[in-house]
Amino acid sequence: MLRIIGGKVYDPANNINGVIKDICIANGKIVADVDAGRTIDATGRIVFPGGVDIHTHVAGAALNFARAMTPENQRTAAKFMHTADTRAGIGGPTPTTFATGYLYAGMGYTTVVEAAVPILSAKHTHEELRDTPIVDKACMLLMANNEIVMDLLEAGDFERAKQVVAWLIWAAKVYGVKAVNPGGVTAWKWGKDAKQLHEPVYGYNKITPAQIIGGLANIVDQLGLPHPVHLHCNNLGAPGNVATTLETMKVLEGNRAHMAHLQFHAYGGDDWHTMRSEATQIADYFNKHKNLTADAGAVLFGNAVTITADGPWQHLLYQLTGRKWGNLDVENETGCGIVPYTYKGSNLVNAVQWAVGLELLLLIDDPWRIFLTTDHPNGACFWRYPEIIHLLMNAEVRKERVKKLPAKALSRIVLGDLDRQYSLYEIAIITSAGPARALGMPNKGHLGVGADADVVIFNENPDGEMMFRYPRYVIKAGEIVVEEGDIKNPHDGREFIVKPTYDEKIEDYLKPVFQSQYTMSFENYPVELERAHHAEVRPV
Amino acid sequence: MITLTLKQQPTVPLEAENICPDVVAGLTHDAVRALPVYHGKRQCRLDEFFDVGQAFQPDGQAGKPNLRTDEATELEIHGDCSRVKWIGRGMTRGRIKVVGNAGMHLGSGMTGGVIEVTGNASDWVGAEMKDGLIRIHGNAGGQVGAAYRGSLAGMAGGTILIGGNAGLEVGMRMKRGIIAVGGVVRDFAGLQMKGGTLVLLGGAEIRTGAWMFRGTIVSLKPIKLLPTFSYSCEYEPSFLRIYAKHLRTLGVTIPIDGGMYQRFTGDTSLPGKGEILVWQAQS
Ligand SMILES: [Zn+2]
Chain A
525 MLRIIGGKVY
535 DPANNINGVI
545 KDICIANGKI
555 VADVDAGRTI
565 DATGRIVFPG
575 GVDIHTHVAG
585 AALNFARAMT
595 PENQRTAAKF
605 MHTADTRAGI
615 GGPTPTTFAT
625 GYLYAGMGYT
635 TVVEAAVPIL
645 SAKHTHEELR
655 DTPIVDKACM
665 LLMANNEIVM
675 DLLEAGDFER
685 AKQVVAWLIW
695 AAKVYGVKAV
705 NPGGVTAWKW
715 GKDAKQLHEP
725 VYGYNKITPA
735 QIIGGLANIV
745 DQLGLPHPVH
755 LHCNNLGAPG
765 NVATTLETMK
775 VLEGNRAHMA
785 HLQFHAYGGD
795 DWHTMRSEAT
805 QIADYFNKHK
815 NLTADAGAVL
825 FGNAVTITAD
835 GPWQHLLYQL
845 TGRKWGNLDV
855 ENETGCGIVP
865 YTYKGSNLVN
875 AVQWAVGLEL
885 LLLIDDPWRI
895 FLTTDHPNGA
905 CFWRYPEIIH
915 LLMNAEVRKE
925 RVKKLPAKAL
935 SRIVLGDLDR
945 QYSLYEIAII
955 TSAGPARALG
965 MPNKGHLGVG
975 ADADVVIFNE
985 NPDGEMMFRY
995 PRYVIKAGEI
1005 VVEEGDIKNP
1015 HDGREFIVKP
1025 TYDEKIEDYL
1035 KPVFQSQYTM
1045 SFENYPVELE
1055 RAHHAEVRPV
Chain B
-1 MITLTLKQQP
9 TVPLEAENIC
19 PDVVAGLTHD
29 AVRALPVYHG
39 KRQCRLDEFF
49 DVGQAFQPDG
59 QAGKPNLRTD
69 EATELEIHGD
79 CSRVKWIGRG
89 MTRGRIKVVG
99 NAGMHLGSGM
109 TGGVIEVTGN
119 ASDWVGAEMK
129 DGLIRIHGNA
139 GGQVGAAYRG
149 SLAGMAGGTI
159 LIGGNAGLEV
169 GMRMKRGIIA
179 VGGVVRDFAG
189 LQMKGGTLVL
199 LGGAEIRTGA
209 WMFRGTIVSL
219 KPIKLLPTFS
229 YSCEYEPSFL
239 RIYAKHLRTL
249 GVTIPIDGGM
259 YQRFTGDTSL
269 PGKGEILVWQ
279 AQS
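As you go down the protein sequences, you meet chains A and B in turn. Under my numbering, think of the first position of the first sequence as 525, with each following residue one higher. Under my numbering, think of the first position of the second sequence as -1, with each following residue one higher.
Hints listed in this document are in silico derivations from the structure and should not be mistaken for laboratory results. Hints are not guaranteed to be accurate.
[Stated by the list, open to error] Okay, derived cross-link-like pairs now, PhoX-like style, lysine-lysine, Cα gap no bigger than 25 Å in a straight line:
id, chain 1, residue 1, chain 2, residue 2
1, A, 719, A, 730
2, A, 647, A, 1035
3, A, 603, B, 39
4, A, 716, A, 730
5, B, 271, A, 848
6, A, 730, A, 774
7, A, 1035, A, 713
8, B, 39, B, 5
9, A, 647, A, 713
10, A, 848, A, 868
11, B, 5, A, 868
12, A, 603, B, 5
13, A, 868, B, 271
14, A, 1023, A, 647
15, B, 222, B, 271
[What the hints assert, rightly or not] Partial selection, computed: residues in chain B whose CB lies under 7 Å from chain A:
id, residue
16, 147
17, 148
18, 149
[As the list claims (entries may be wrong)] If you want the ones that stay clear, here's a sample from chain A, every Cβ over 10 Å from chain B, calculated:
id, residue
19, 563
20, 589
21, 594
22, 597
23, 651
24, 747
25, 840
26, 848
27, 1064
All C-beta atoms in this analysis are idealised placements derived from N, C-alpha and C, irrespective of residue type, glycine included.
Only chain B is shown next, with the shape it has when bound in the complex (with noise of 0.2 Å):
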């Protein structure tokens, strides 16, 4: 594993799409303190703002890797990184762990491996992630698993987990996969999603699943629909239960028994075959 620790607070955000274990794999412990990084227009080393821990061993042969390549994709980064920027950029395999706070971007276009961040996370989560599992236990920004601007498609597949409250249009364009948060959404959840599933446990604020096209909304908490999404019935979604199971193994919970979900199709100002499920406890 290699340990990098934040040392000096970046004044601009930090372009740091190298902090990722298919860039530091098999790389030797110098290399990795020179990996490049952008602090606004200047192109800086890594360890201009990061100590680069000792996991290594001290230098071999100058050039020679000194980890095994399986150590080598394990990275874990202390300090509050809100505003080091693409850590895990579309890593393919790996680990990282962030103690601390991750900036914007965090494993866009990820398309394998796992990142977990301790405490809050920015903006455009898992924006356009193909695999892979981004957990985050504090906030998140807004964005989560959506398309950038103008892309026809957001994430489409892996798994978003966020423990604390997400900002506007989560889930923006999304295609496939699960994000699920466990605090409420700001506006435009699901904003023209195309498919996958959006878990709210803890509701949301207005406009969820404006211009949904596919896809499927569960929210555990009643909330505002727009008037563009027509009751179809109350029912318990046997595909619910595969899913409740899944994303039990993940630590999410989502109940099946003891209650009904009111289920919603919509937008029909598309028209749109999407779905938005209610949870509604047994009174």
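Bound-form chain A, shown alone (with noise of 0.2 Å):
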């Protein structure tokens, strides 16, 4: 039992803005009241609920796939020494399994959503994440590329399609449906992209990225998963591309949906040279748009290691930096492309980019709706979010940073008029309580009678960044794991996974199709329960 007396505290999804109250945890959760156990004074401290990461890759074939690509990162990385606590273990772009667990934890995060799982590989997503420790983990399911879903859609039979996309979450053991450049990755099988959305897929007659995108968002809904289709859309990375994002956004209308690293799909312009922001356009559309969710997928400058399903895109990106490349093939579901980079603040581009994370983030009105991540590590390290909680906090601070853009890049950005300063009440809810609900996880991003007790004790500091990224506390179901800034008693997170109805039946349809189509048998395809560590099943 633990009381945590004194603190201010935030917690937005109870409507509590910078209270002083006591905050009681009993096994694990957050109770009324405690007679018993450790008090912590947190009095001229600030309390938050656990961070929670809506998107980010910390695990599974493609990332360790990255690990190997860069070891010229690995030898410049933080390194975790082995203690009596903790594993040995690198931090920097691609921190190996236990120190992500680490630096989550040591940053006051506490639950994770690996972003891009393929079912092929899901296996090893999932020992991974059993290697990660303290943090509470869920996956998102590759899907949008799926040629057996595709088939069927094509074919319109949308109601098998739901029994497959059904069976297949339940045999990865995952928890939300995730769409990547739908019809691109399939397509990039023939060297091609997927560009336009109302354009039959490359290789098939009719199926076009918009009826995949709006038949996986339909499945979804009315499979009625906690979290919706989870989408990274078309032309990723592209100038020009908010025409692709905006139609996107209408396929999507009726539907939920939540739009994967915004940043990345809200660029204008014809070309390299001419790219500019479009963030007050999305964000325009967005404002009145309630069906959806974004995620920022901010970037910061420095080296980052882009790491994606989007083929085509890594193909390009590869093409434009000259750097290494790495390409997987994952027989009929998906892909995924490699490419260390650096985003530097004297390019154009990059420069361009930077501030359109900032701006979507500032000039989206509902913090609900928007969230603090950089795609870890596409847009920067997960580790850096401090940096971008500053610059979020502090507009003169932004100003003086913009500044120093290159001249060009000016003209092409609003960040530099935006005086929006967020408040301690709004960083919780873009890094905890708005992720939190959009997840569909009730116990997460609050600190009300009965929520998980993942509790964050800060001191107050008028540079966020200092504040944000030394937590002094940091509470995991209850269990003390950060104590005055040191990682301590390291425990293991648990996995959330859901369980969707289906009509068991669907697996004599699939069976002799994946018999005759994948390289593995179909007993072996399942992710076996057990695989996932302390797994939590919710039935929908």
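Given two chains presented individually in distinct reference frames, assemble the corresponding complex, making use of the accompanying hints.
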């Protein structure tokens, strides 16, 4: 049992805005009162619900491929030495599994969502998540280029497609459905991309990216999954992609959807020389359409490693940079590309990208619908979130940074004109309460009675970066895992998995298709529940 | 000066980045003897493998350095240290003399000071070094002044002089600085070179300058060129006079008079803007 006294509590889900009150914890949950146990004096300190990262890449085959491809980063990465409490590891742009847990927890984050899991490598992902300590985890399943699903949607067999998706979700032991460059990854297997929403996907006769997006959004809503379709739009990163993004949002009217790393999808211009921010246009539309949530996918200057299922985009990025390129094919399901990348403040395109991420966070007026992410490790490493928080909370600092951008960039962004400053209450929303709500996790992101006891205590500091980089205490499931800044006594987190209802007979359809198309036997395909460590299954 | 004499040949390579002027400066005799080195996964004391010589005064007060700092930045190492890795890693000042052979990663990432080896050195001599001087009297292994695997750039400054032959990928991805090799270098000298100067006094095997982006390779012997290098002219490069004058102070002679240099540009498969200058004595 634990009582935190005297802290100034920010708990937006319960409308508590900087109120001094006690937080009581028993059996891993927030409770109304405790009569024994330790007391933490948080007087003069700030109390937040544990952070929730709605979109990150921390485990699985693609990330491991990226780790292997970038030995130059590992050599200079922060080192985690073996101690009585912690395992050895390294940080850097693609931290090792144990270090990932320590880094997230050390920053006050207690729940993370691995946002791109192919069914075929889901076993690997779960194994790595098992070795990612402290934080609770959930996975999004790559679905928008799954050829079995696409064949069914093309044939107009929506019902069967829905059964297949439900079966696959349970087979992979995941939490939600991810759509990456719908149709584009399949087309990439022919050396093509899917740039037009309403043209048939290469290799298919009828089905278009728009139909895949609409179909999956419908399936997810009809299955009643807690989190809507998690969408990485077509034409990521391309100048002028704002048109595609707006069109995609129109396709999604009538459904719920989460727009992943929106920053990468909010550009105007015709080419790299004329690229500009269209954050205003995106924010205007987004503000009026309450069916949507988004995460920022913000960019910070420095080294990153881009990892995405968006194979054609990665090939283009490789051609643009001349750096290393990795490409993976995942049979009938998806693919993946990896390119190390350095965002430079002196580069016009990078300057616009940096601005767009912040602009979206500032122009989207409802913090409950836009969340802090960097699409780690694509836009920046997750452990740099405090730098973004500092910029959001301080317009003066932001404007000083804008002045350092290339002169040409200034006419293409609006960041310098934005005066909005995030309050601590709003930071608590975009880092915790908001993403928890969008994920449909009722026990996360708040400090009301019954919530998971994931609590962070910060020293109040006008420098937001310092404040959020070094929480004094982090409590996860009622256990103190960071005390006065040091990781101690880390335990394993849980994995959240949904079990949609489906007709078991769908296996009669799937098995022959599968046996003729896959390299793996049907029986070996699904992930055993035991492989997901501390699984918490939620039937829907 | 501190003298280290190898007394026991390590059975597997010894990781000894603590054999470095920056580390030993200001340490007592006892502290130097106790410096950690890794023999495989085992952490050992330096004096399990080396006699730490008596340039030291007998220990005065415990915990007090008993050498003047400038003396402590000179190290002399005796013995066949071909299995001792990382000597002088990241050194910023001082001098190391190896009387014998040196192991891999000698002077890796160094930013200043001088290293001299009377015998041979292994791979990765001066890899990613930034400044300073390394002189090997014998042969060197591969990847001299190179970028480590995955890194975008190799040596960014300083000078490496090899008296004998050198191995594969000499100067791979180097960005600045000078490497001069007295003997023959093996394949892929100047691979993906980004700048700097590579002087090949004894010629090279094949694929010299492959994927070269910028920089200069000077060969005093005719060499086999890749088809992606194109001949541009025969001339007397005026900058080489200045380089020759500088290299002469280091004991390296490159001819200026009595012939011409043929200039080849490439690697055009990139397309690169590097150059290979091949000496043609007047017949
Ligand atoms: Zn992502």
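Against the structure, the hints:
Between the alpha carbons of residue 719 of chain A and residue 730 of chain A the distance comes to roughly 15 Å, so the proposed pair stays at or under 25 Å and holds. With a CA separation close to 19 Å, the supplied pair residue 647 of chain A and residue 1035 of chain A stays within the 25 Å bound. As the CA atoms of residue 603 of chain A and residue 39 of chain B are separated by approximately 17 Å, the hinted pair is consistent with the 25 Å bound. Note on residue 716 of chain A and residue 730 of chain A: the hinted pairing holds, with a Cα-Cα distance of about 16 Å set against a maximum of 25 Å.
The straight-line distance between the Cα atoms of residue 271 of chain B and residue 848 of chain A is roughly 21 Å, inside the 25 Å bound, and the hint therefore holds. With a C-alpha separation of about 20 Å, the suggested pair residue 730 of chain A and residue 774 of chain A falls inside the 25 Å cut-off, and the hint holds. The suggested pairing of residue 1035 of chain A with residue 713 of chain A holds, with an alpha-carbon distance near 24 Å, which does not exceed 25 Å. Proposed proximity of residue 39 of chain B and residue 5 of chain B is supported: the alpha carbons are some 20 Å apart, at most 25 Å.
Proximity of residue 647 of chain A to residue 713 of chain A is assessed by CA-CA distance (about 24 Å); at most 25 Å being required, the pair is judged to hold. Note on residue 848 of chain A and residue 868 of chain A: the hinted pairing holds, with a Cα-Cα distance of about 18 Å set against a maximum of 25 Å. A threshold of 25 Å between alpha carbons decides the hint, and for residue 5 of chain B with residue 868 of chain A the separation of about 51 Å lies outside it, so the pair is violated. Of the pairs offered as hints, the one joining residue 603 of chain A and residue 5 of chain B is violated, with about 33 Å between alpha carbons and a cut-off of 25 Å exceeded.
Proposed proximity of residue 868 of chain A and residue 271 of chain B is supported: the alpha carbons are some 24 Å apart, at most 25 Å. Using a Cα cut-off of 25 Å, the hinted pair residue 1023 of chain A and residue 647 of chain A holds, with the two alpha carbons roughly 17 Å apart. Of the pairs offered as hints, the one joining residue 222 of chain B and residue 271 of chain B holds, with about 19 Å between alpha carbons and a cut-off of 25 Å not exceeded. Hint status for residue 147 of chain B: holds, given a least beta-carbon distance of 5 Å to chain A, under 7 Å.
The beta carbon of residue 148 of chain B comes within 4 Å of a beta carbon in chain A, closer than 7 Å, and the hint placing it at the interface holds. With a cut of 7 Å, the hint placing residue 149 of chain B at the interface with chain A holds, because the nearest CB-to-CB distance is about 4 Å. With a minimum CB-CB distance of about 42 Å to chain B, residue 563 of chain A clears the 10 Å threshold, and the non-interface call stands. A cut-off of 10 Å between C-beta atoms confirms that residue 589 of chain A is not in contact with chain B; the least separation is 14 Å.
With a least beta-carbon separation of about 6 Å from chain B, residue 594 of chain A fails to lie farther than 10 Å from that chain, contradicting its non-interface assignment. Not every Cβ of chain B is farther than 10 Å from the Cβ of residue 597 of chain A; the closest lies at roughly 8 Å, contradicting the non-interface assignment. Residue placement check: residue 651 of chain A keeps its beta carbon more than 10 Å from all beta carbons of chain B (closest about 25 Å). The claim that residue 747 of chain A is not at the interface with chain B holds, since no C-beta of that chain comes within 10 Å of its own (minimum 43 Å).
The beta carbon of residue 840 of chain A sits about 19 Å from the closest Cβ of chain B, which is more than 10 Å, so the claim that it is off the interface holds. Not every CB of chain B lies more than 10 Å from the CB of residue 848 of chain A, the least distance being 8 Å, so the non-interface label is violated. Residue placement check: residue 1064 of chain A keeps its beta carbon more than 10 Å from all beta carbons of chain B (closest about 44 Å).
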